[in-house]
Amino acid sequence: MIGFLQHLIDALALGSIYALTALGIGLLFGILRLINFAHGDLITVGAYALIVPAADVTARLMIGSWTPAAVVVAISMIVVVAALLTDAAVFRPLRTASPPTLMIASFAVSYIIQNGILMFYGARPKAVDFWSGANVQITIGALRVPLLQLITLAVTLVLMAALTVFLRRTPQGVQMRAAAEDFRMAQYLGVRGNVVIGLAFAISGVLAAAVSMLYITQSGSLTFQMGVPLALFAFVAVVIGGMGSLAGAVAGGFLLGFIVTMLQAYLPPDLRAFRDAFAFAFVILVLLVRPSGLLPSRTTVERV
Amino acid sequence: MKKASMFTLACGALALGTAPQARAEDGITIGMAVAMSGWMEAYDGEAYKMAQLWVDRQNAKGGLLGKPIKVISGDTKTDRVEGAKVGQDIVKQGANLLLVSADYDYGAPAALQAQKAGIVSVFMGASDPKAGVVGVGPLSFTANNAGQLEGAVMADWGMKKKGVKKGYMLIDETIEYNKSVCAGYNWQIKANKGTLVGQDTFKGLDPTVSSQITRLNDAIAKDGVDHVMLCSTNPGAASSLRQLRAAGITLPIFSATAMDGTYWLNSVPGLKDFYLPSQALAKDDPRPAVNEISAAFEKKFGKPPTTQYAYPIYAFLDMWAKATTDAKTADAKPVVDILNKMKDEPTVLGPRSFTPKLHVQTAEPMFVMSYADGKETPVEEWKITDTIPDAVLYRLKSSE
Numbered sequence: 002m003i004g005f006l007q008h009l010i011d012a013l014a015l016g017s018i019y020a021l022t023a024l025g026i027g028l029l030f031g032i033l034r035l036i037n038f039a040h041g042d043l044i045t046v047g048a049y050a051l052i053v054p055a056a057d058v059t060a061r062l063m064i065g066s067w068t069p070a071a072v073v074v075a076i077s078m079i080v081v082v083a084a085l086l087t088d089a090a091v092f093r094p095l096r097t098a099s100p101p102t103l104m105i106a107s108f109a110v111s112y113i114i115q116n117g118i119l120m121f122y123g124a125r126p127k128a129v130d131f132w133s134g135a136n137v138q139i140t141i142g143a144l145r146v147p148l149l150q151l152i153t154l155a156v157t158l159v160l161m162a163a164l165t166v167f168l169r170r171t172p173q174g175v176q177m178r179a180a181a182e183d184f185r186m187a188q189y190l191g192v193r194g195n196v197v198i199g200l201a202f203a204i205s206g207v208l209a210a211a212v213s214m215l216y217i218t219q220s221g222s223l224t225f226q227m228g229v230p231l232a233l234f235a236f237v238a239v240v241i242g243g244m245g246s247l248a249g250a251v252a253g254g255f256l257l258g259f260i261v262t263m264l265q266a267y268l269p270p271d272l273r274a275f276r277d278a279f280a281f282a283f284v285i286l287v288l289l290v291r292p293s294g295l296l297p298s299r300t301t302v303e304r305v
Numbered sequence: 141m142k143k144a145s146m147f148t149l150a151c152g153a154l155a156l157g158t159a160p161q162a163r164a165e166d167g168i169t170i171g172m173a174v175a176m177s178g179w180m181e182a183y184d185g186e187a188y189k190m191a192q193l194w195v196d197r198q199n200a201k202g203g204l205l206g207k208p209i210k211v212i213s214g215d216t217k218t219d220r221v222e223g224a225k226v227g228q229d230i231v232k233q234g235a236n237l238l239l240v241s242a243d244y245d246y247g248a249p250a251a252l253q254a255q256k257a258g259i260v261s262v263f264m265g266a267s268d269p270k271a272g273v274v275g276v277g278p279l280s281f282t283a284n285n286a287g288q289l290e291g292a293v294m295a296d297w298g299m300k301k302k303g304v305k306k307g308y309m310l311i312d313e314t315i316e317y318n319k320s321v322c323a324g325y326n327w328q329i330k331a332n333k334g335t336l337v338g339q340d341t342f343k344g345l346d347p348t349v350s351s352q353i354t355r356l357n358d359a360i361a362k363d364g365v366d367h368v369m370l371c372s373t374n375p376g377a378a379s380s381l382r383q384l385r386a387a388g389i390t391l392p393i394f395s396a397t398a399m400d401g402t403y404w405l406n407s408v409p410g411l412k413d414f415y416l417p418s419q420a421l422a423k424d425d426p427r428p429a430v431n432e433i434s435a436a437f438e439k440k441f442g443k444p445p446t447t448q449y450a451y452p453i454y455a456f457l458d459m460w461a462k463a464t465t466d467a468k469t470a471d472a473k474p475v476v477d478i479l480n481k482m483k484d485e486p487t488v489l490g491p492r493s494f495t496p497k498l499h500v501q502t503a504e505p506m507f508v509m510s511y512a513d514g515k516e517t518p519v520e521e522w523k524i525t526d527t528i529p530d531a532v533l534y535r536l537k538s539s540e
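Chains as they are written, first to last, in our numbering: chain A, 2 to 305; chain B, 141 to 540.
Bound conformation, chain A alone (with noise of 0.2 Å):
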C-alpha cells in the first residue's frame, strides 16, 4: 500500500509538470486553434535566460542568482518577450492560415530556437546550481515527498485557477473566450483580436517561464532541446484532455504523469523501455472511448 502511495505521490509529481505545459498549450489552441509545438522552446528559452549568455563549457548564473521574486519577473518577462515575437514575426502573418498551415510554422519557430540557442550557448549540456535549497525530500512515515514536487503542484494549481478566474471575470478574458468562439464575429462586435490574441501568447510566455523555473530546479541540467519531449507529452495531455479545454489539458497532464509513473512502476524489467509506447497506446484507447477527449470544450464540439 505505501508503494502504491509513493508511486502516486511520482505520478502527481510528473504530472504537474506535464499539466502546467499542457496549460500554455491548450489555452493557444483554445483561442486560435494553434498547436504550438514551439511552446517547448519556450520553456528553454527561459531557462537559458538564467545564465550569462556565453558558449563557456561552465555556466554561471546570471539573472538565476538574483532574489527568487526578480527571478520570477525577470525570466517571465523574458519568455513573455519571446512568445510575443513568435507570434509578431511568425504567426501573426499567418492569422487566416489553416490549422495544420499554423502547427508546420510552429514546428519551425521550434528549429529557429533551438538552433539559435545551439549557437549562441553551445551544444555541450549546461549544468546549473538554481534553487537546490527547494530540492529537499519531507518524509511521512514511511512516504517520500519531495517539496520541490509540493511547489510545482501548488503551482499548477494557483495558476490554472487563476487563469481560469481571469477568462470569466474580467473583461479581457471574456473578449478572449469570445474570440475562442468565433474570432471573426467577435471582431464585429469590436473585440480588438490581434490585442486578445497577444494577450494569449504573453499568457502562454507566463506558463512556460513557470516550467523553466520549476524544471531547472528539478533537473539543473540546460539542454538545446530539452522543451522538445515536454511539448510533446503536453500536447498529447491537451488531446486526452479535450483540445480547447483548459481544465481537461490539467486533467490530462496529470492522467498522462500518472500512467507513465504506473507503467514505469510496474511494467517488467525487458519492457521499462517500451514505457512510452505502452502510454501512447493507452492514449489511443482512451481516445476510441472518448474520441474529444475526457472534458471536451463546447465550442471545439460545436465546429466538428
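Everything labelled a hint here was simulated from the structure, so no lab data went into it.
All figures in this text were calculated on a predicted structure; none of them were measured in a lab.
Any given hint might turn out to be false.
[Claimed, not checked] A short list of chain A residues far from chain B (calculated; beta carbon distances all over 12 Å):
id : residue
1  : Leu-86
2  : Leu-160
3  : Pro-172
4  : Leu-295
[Claimed, not checked] Listed next, the in silico EDC-like pairs over lysine to aspartate or glutamate satisfying Cα-Cα at most 20 Å (straight line):
id : chain 1 : residue 1 : chain 2 : residue 2
5  : B       : Lys-201   : B       : Asp-458
6  : B       : Lys-319   : A       : Asp-57
7  : B       : Lys-423   : A       : Asp-57
8  : B       : Lys-468   : B       : Glu-516
9  : B       : Lys-515   : A       : Asp-271
10 : B       : Lys-319   : A       : Asp-130
11 : B       : Lys-343   : A       : Asp-277
12 : B       : Lys-515   : A       : Asp-130
13 : B       : Lys-412   : A       : Asp-130
14 : B       : Lys-343   : A       : Asp-57
15 : B       : Lys-439   : A       : Asp-277
16 : B       : Lys-423   : B       : Glu-516
17 : B       : Lys-443   : A       : Asp-57
18 : B       : Lys-302   : B       : Asp-458
19 : B       : Lys-440   : A       : Asp-57
20 : B       : Lys-537   : A       : Asp-130
21 : B       : Lys-189   : A       : Asp-130
Note that CB positions come from ideal geometry on N, CA and C, so glycine has one too.
Take the given structure of chain A and dock chain B to it, following the hints.
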C-alpha cells in the same frame, strides 16, 4: 530537354565516381571529416584540435616518411548525409588517413567512404566496438575504448577496492553507449561473484526520475544495495544524479567516462562518493607527457581540453605514425597489418592493442577518478584482468 540534361548529369556523376583517385604523392595527407557545427561540435571539436596539434608537432619533428603532413578538413555539420559527402570529397583529394566524428552513428558514413576507397579511417572517440571491423570494415579503427570496458573497470575496482558487493544499475535509454557501459558492468560484477540486485531505466530528458528513486529506495531497504551504477550521459546523468542525492541516497555512485570533467558539477552541489573511469586528465595528470600535451594544447588554442575525449586521438595518431614508419609507406594494407599486431604498444596514454578483429581498446588500464569538494581527482590506475567476451562487446542476447 529535361530528360537530356538529366542524362548528361548522370553521365557526369558517373564520370566523377569512376575518376582515378588523385593521390597526393608529394606528401602525407590526413583528412578530417568532423562536425565543426551542430551539436556534435561540442564532442568533436577538442579531438579535432588535438589532431591538429599532433600534426604540428609531428611536422616539427620532420613529418612522416620524410615528408610534411598536410591536413584537409571538412565540416560534416552533425549530419550523416553530409558526413558521407564530406568523407567522399576528402577521400578523393587523396587522404592517407581519414579522421571521422567521435560517434559510431555520425562517423560511420564518412568512414565507409574511406573503407570503399581502401583508406584507413579512425573514429576520434567512438566507444562502440562496431566502430571498426564489424561496422565499417577491416581498415577502420576507433581511437577510444569500448564503453563496456568503462563499466567493467568500475565493477572490478569497486568490488576489489571499495568492497562493494551488491549493485544496482540505472540505465539511461537515450543512447546505445549507456547500455554498453552497463553491459560491461553487469558482466564484470557477475564474473567477480557479486550480485546485481536490480536495474531500472529512464530517459535523459525525463522531467523526473522519482519513480526510479522509489524502486531504488526499495532495493536499498530490502536487499541491501551498496552502490549504484549510473549508465548515462549529460544532461540525463547530471539531472538524475542531482535527484538521487536530493532524495537522500548517499550510496557510492559509479558512472562512465562520458561524465568526465567538472563542467557539470553545478548541477549537484556538494557531490561526493562519485567515481568514474578516465584515460587522461586535462589538469594534473600523473604522467608528465600528458601534462606537456595539455600545456601545448592550451598554448595553441587558448584553453585546456574540457574532458578526456580530446586525448585518445593523439595516442592513435602516434600508433599510426609508427606503423607507417615501420611499413615505409602510408598505404592502407601494410599499415593496418602492423597496427593489427600491436600489443600493449606504449603510447602517451599507456599501452594500447589492436587485433585483426578488434579495432577498439577493450583492456587498457584506466584511471578511476573521484569527485569531492567540486574537484575531480585520480584515485588510482586500474586494469581489468578478465577478457571481455564478444557477446558482451556486441551486446548479444546471450550475454544478459
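Hints versus structure:
| no. | hint | verdict |
| --- | --- | --- |
| 1 | Leu-86 | holds (24 Å) |
| 2 | Leu-160 | holds (17 Å) |
| 3 | Pro-172 | holds (36 Å) |
| 4 | Leu-295 | holds (21 Å) |
| 5 | B/Lys-201 x B/Asp-458 | holds (13 Å) |
| 6 | B/Lys-319 x A/Asp-57 | violated (29 Å) |
| 7 | B/Lys-423 x A/Asp-57 | holds (18 Å) |
| 8 | B/Lys-468 x B/Glu-516 | violated (42 Å) |
| 9 | B/Lys-515 x A/Asp-271 | violated (37 Å) |
| 10 | B/Lys-319 x A/Asp-130 | violated (28 Å) |
| 11 | B/Lys-343 x A/Asp-277 | holds (10 Å) |
| 12 | B/Lys-515 x A/Asp-130 | holds (16 Å) |
| 13 | B/Lys-412 x A/Asp-130 | holds (16 Å) |
| 14 | B/Lys-343 x A/Asp-57 | violated (26 Å) |
| 15 | B/Lys-439 x A/Asp-277 | violated (48 Å) |
| 16 | B/Lys-423 x B/Glu-516 | holds (10 Å) |
| 17 | B/Lys-443 x A/Asp-57 | holds (11 Å) |
| 18 | B/Lys-302 x B/Asp-458 | violated (35 Å) |
| 19 | B/Lys-440 x A/Asp-57 | holds (18 Å) |
| 20 | B/Lys-537 x A/Asp-130 | violated (40 Å) |
| 21 | B/Lys-189 x A/Asp-130 | violated (30 Å) |
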